[in-house]
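The listed protein sequences derive, respectively, from chains G and S.
Mind the numbering: the first sequence is residues 1 to 263 in the working numbering, read in order.
Mind the numbering: the second sequence is residues 264 to 605 in the working numbering, read in order.
Worth flagging that the hints you see were computed from the coordinates, not collected in a lab.
Warning: the hint list may mix true and false statements.
Unchecked claim - Here are the simulated EDC-like pairs of lysine to aspartate or glutamate, each with C-alpha atoms no more than 20 Å apart in a straight line: (1) G:K237 / G:D193; (2) G:K93 / S:D454; (3) G:K203 / G:E223; (4) G:K73 / S:E456; (5) S:K509 / S:E545; (6) G:K203 / G:E132; (7) S:K405 / S:E395; (8) G:K93 / S:E575; (9) G:K93 / S:E456; (10) G:K108 / G:E126; (11) G:K203 / G:E191; (12) G:K93 / G:D148; (13) G:K237 / G:D219; (14) G:K108 / S:E456; (15) S:K405 / S:E498; (16) G:K203 / G:D65; (17) G:K93 / S:E576; (18) G:K108 / G:E132.
Unchecked claim - Sample of chain G residues facing chain S (criterion: CB under 7 Å; computed from the structure): (19) A78; (20) R84; (21) Q90; (22) M102; (23) G104; (24) T111; (25) A116; (26) G117.
Unchecked claim - Which bits of chain S does chain G cover? Going by a derived footprint, with three or more residues having C-beta under 8 Å, they are: (27) 455 to 469; (28) 567 to 579.
This one's a predicted model, so the numbers in the text were calculated from it and none came from an experiment.
Glycine residues also receive a C-beta, built at the ideal position from the N, C-alpha and C atoms.
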Amino acid sequence: MRRSMLALRGVGVSFGGVHVLDHVDLDVGEGEIRGIIGPNGAGKTTLLNVICGIHRPDTGQVVLDGEVVTGLKPSTIARRGIGRTFQTSQLFKGMTVLENLMCGLHRKTVTGLFAAGLGLPSCREEEERTEEAARLALEFVGMAQFADRPGHQLSFGQQRVVEIARTLISEPKVVLLDEPAVGLSLNRLSEFDLLLRRIRDDKGVTLVLIEHVIRLVMDVCDEVTVLNSGQIIADGKPEAVRNDPDVIEAYLGKELRARHSAS
Amino acid sequence: MPLSFLRRRNVMLALVLVAALLPLGANPYHLFVANLIFIYILLSVGLNLLLGYAGQLAFANAAMFGIGAYGTGLLQVHFGWPFLIAFPAGALIATAVGLTLALPALRLSGLYLALSTLAFAQFTQWVFLHWEGVTFGAGGFKTPQVSFAPLPVDHRHGLYYLSLVIMVAMVWFAGNIVTSRIGRAFITVRDSEVAAESLGVDLLRYKALAFGLSAFYAGIAGGLYSQMLNFVSPEGYDLFQMVLQKAMVVVGGLGSIAGSVLGAGTIVLVLEGLREFKGAQEVVFGAMLLVFIIFMRGGIVSVIRRHVPGWEEPLHRAGALPPAEPPTSLPLAPPAQERGVS
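Could you put together the complete structure from these sequences and hints?
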């Protein structure tokens with residue numbers, strides 16, 4: 001068993017009496033790629049929001065690398081080493097791709113107001129290191145040629161990759177990806193598989209991804225967790241989860257039934 | 264490029280040079296207008312940090328300007344402090360007030376922030392008007408002239424060069440800020456608060472920094488203004504003053520330091536130029552705002568950028584490393600990349 005990198009212990013969240021998450025326990029090992037799947041409204045995005053501190057859970061704890069991070073501010077949790085991407089592109093407008101990546105290093109840089117305003121050597125030196133790290137991270141994801149392009153000129157899929165690079169640049173322990181493959185064409189999916197594996201193997205980053213593209217989840221994830229109505233109904237290797245009758249009923253079954261009624 | 268000698272740096276240096284030599288051939292009115300421009304440059308650059316970079320729609324900058332002026336003037340009048348001590352102290356009072364305004368900004372945004380800061384500004388006006396024992400009420404008060412004694416300059420020229428030096432230093436400071444991690448953090452707060460936090464940017468810290476910085480710029484401007492007029496009264500710091508400052512930022516270009524310099528200069532010159540024609544000031548000022556809001560959203564600086572090279576304002580220290588390859592020759596979407604389907 002791998003060392004636990006990210007754990008949820010009995011996490012419950014309710015909005016106005018509706019239990020969005022109900023005593024969720026989750027254990028993600030170091031260097032693991034964990035997929036979280038489930039039908040719409042199962043609570044997947046809420047789960048990510050609890051981990052990164054946007055929602056405070058009503059019950060339970062979030063443990064990152066042995067430290068309880070429940071109740072900390074999102075920016076503090078980010079500084080402890082959790083990066084994330086969002087369902088919609090969150091690149092900063094009016095910034096180039098390179099400058100977007102430089103923002104990713106915010107939590108690892110220290111230049112203060114006066115050093116920055118006076119352009120002290122310490123500031124210039126840190127700025128150079130930041131730019132170099134940004135170029136390396138862009139190279140890692142294969143987007144080096146876009147460095148000086150405004151972020152909004154990239155295609156949707158390219159923006160997602162830039163956002164992933166922006167989280168990687170600060171060497172986080174865990175990266176949460178909320179539907180990263182939205183907007184990727186089928187022939188790009190295998191490249192994306194490869195990128196996720198390289199992030200795990202070369203950078204040693206633990207990945208948690210919510211995904212609707214089942215093929216990606218089945219191909220790349222070490223473990224898959226299935227969420228339905230705020231509860232975990234299955235947890236295990238992709239093949240095992242795929243054949244679990246509860247999962248077929250709750251998730252795949254529903255989809256098939258929907259397809260039947262549509263035709 | 265035929266126009267490349269007009270790049271931003273050269274134009275700014277030339278403007279500073281003209282400003283430094285202006286007293287040689289200018290009459291007192293010209294000096295007054297130039298000094299006024301320096302003060303409005305401080306105001307609009309500070310406001311742009313808050314509004315254009317950090318994206319906080321606040322309406323308290325005129326009040327901060329007033330607090331700087333009143334602070335500087337009242338410390339001289341009531342406590343007999345010399346200007347050169349009362350002036351920074353007044354600016355620090357404005358900064359402290361500005362910092363506290365960041366607290367509501369943590370919870371409010373957009374129109375709600377605009378309204379609450381507007382309410383604060385009106386409250387400040389009320390204090391200027393009605394706390395007569397301290398502020399001398401609606402009639403205002405005279406402030407003593409600073410003497411630049413050991414230096415061989417009179418009050419007008421001394422204040423002119425003091426304003427010029429402070430203005431150049433603070434514009435340079437702001438230019439450095441926006442090309443650093445701090446300026447980029449402001450923009451992350453403006454564009455997406457959740458994304459900013461996910462990168463470890465502390466919202467309270469950076470909103471407070473933006474409010475504090477803009478208040479400091481306004482406070483410094485207020486101190487200089489009180490000394491230029493040697494008179495302080497409430498109506499100089501009212502809602503119209505706020506509209507004037509916002510107009511300078513918008514006309515110059517949101518999120519551009521050079522734009523704020525040009526916006527402040529343009530509006531002061533236009534208003535002063537129309538001083539002789541009764542009623543024309545308001546009409547032209549309103550028409551200018553309309554034209555810029557409808558046809559030139561990016562302000563003066565975006566028009567210049569379209570025609571003259573070297574006016575881009577990157578958000579990092581350009582040239583720290585040589586660029587990997589020229590960015591111009593690349594096609595927009597290389598065939599290897601997927602097409603976005605969303």
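Cross-check of the supplied hints:
About 17 Å separates the Cα atoms of K237 (chain G) and D193 (chain G), which keeps this hinted pair within 20 Å; it holds. The suggested pairing of K93 (chain G) with D454 (chain S) holds, with an alpha-carbon distance near 7 Å, which does not exceed 20 Å. A hinted pair counts as satisfied when its Cα atoms are at most 20 Å apart, and K203 (chain G) with E223 (chain G) qualifies at roughly 19 Å. About 13 Å separates the Cα atoms of K73 (chain G) and E456 (chain S), which keeps this hinted pair within 20 Å; it holds.
Under the criterion of a C-alpha separation no larger than 20 Å, the hint pairing K509 (chain S) with E545 (chain S) is consistent with the structure, at around 15 Å. Our distance criterion of 20 Å between C-alpha atoms is met by K203 (chain G) and E132 (chain G), whose separation comes to about 17 Å. As the CA atoms of K405 (chain S) and E395 (chain S) are separated by approximately 14 Å, the hinted pair is consistent with the 20 Å bound. Between K93 (chain G) and E575 (chain S) the CA atoms are separated by roughly 15 Å; this keeps the pair inside 20 Å, and the hint holds.
A C-alpha spacing of about 13 Å is found between K93 (chain G) and E456 (chain S), which places the hinted pair at or below 20 Å, so the restraint holds. For the given pair, K108 (chain G) sits about 10 Å from E126 (chain G) by alpha-carbon distance, which is consistent with the 20 Å threshold. Using a Cα cut-off of 20 Å, the hinted pair K203 (chain G) and E191 (chain G) holds, with the two alpha carbons roughly 17 Å apart. For the hint pairing K93 (chain G) with D148 (chain G), the CA-to-CA distance comes to about 13 Å; that is within 20 Å, so the pair holds.
Restraint check for K237 (chain G) and D219 (chain G): the C-alpha separation of about 11 Å stays at or below 20 Å, so the hint holds. For the hint linking K108 (chain G) to E456 (chain S), the alpha-carbon distance of about 19 Å falls within 20 Å, and the restraint holds. With a CA separation close to 15 Å, the supplied pair K405 (chain S) and E498 (chain S) stays within the 20 Å bound. For a cut-off of 20 Å, the pair hint linking K203 (chain G) to D65 (chain G) stands: about 16 Å separates their Cα positions.
Taking the CA atoms of K93 (chain G) and E576 (chain S), the gap is about 14 Å. The hint holds against a cut of 20 Å. Pair hint K108 (chain G) plus E132 (chain G) holds up; C-alpha atoms about 14 Å apart against a cutoff of 20 Å. Given the 7 Å rule on beta carbons, the hint for A78 (chain G) holds: about 4 Å separates it from the nearest Cβ of chain S. At a threshold of 7 Å, the smallest CB-CB gap from R84 (chain G) to chain S is about 5 Å, leaving the interface hint in force.
Annotation: interface hint on Q90 (chain G) holds; nearest CB of chain S at approximately 4 Å, less than 7 Å. Using the Cβ-Cβ criterion of 7 Å, the hint placing M102 (chain G) at the interface with chain S is satisfied: the shortest such distance is roughly 6 Å. Residue-level restraint check for G104 (chain G) holds (minimum Cβ-Cβ distance to chain S is 6 Å; threshold 7 Å). Among the interface hints, the one on T111 (chain G) holds; its C-beta lies about 6 Å from the nearest C-beta in chain S, closer than the 7 Å criterion.
Taken as an interface hint, A116 (chain G) checks out: its beta carbon lies about 4 Å from the nearest beta carbon of chain S, inside 7 Å. Look at G117 (chain G): its Cβ gets to within about 4 Å of chain S, closer than 7 Å, so that hint holds up. Counting residues of the segment 455 to 469 of chain S whose beta carbon lies closer than 8 Å to any beta carbon of chain G gives 11, which meets the minimum of three for the stated coverage. Against chain G, the segment 567 to 579 of chain S contributes 3 residues with a C-beta closer than 8 Å to a partner C-beta. That satisfies the three-residue criterion, and the hint holds.
Hint check: no violations occur; every hint is consistent with the structure.
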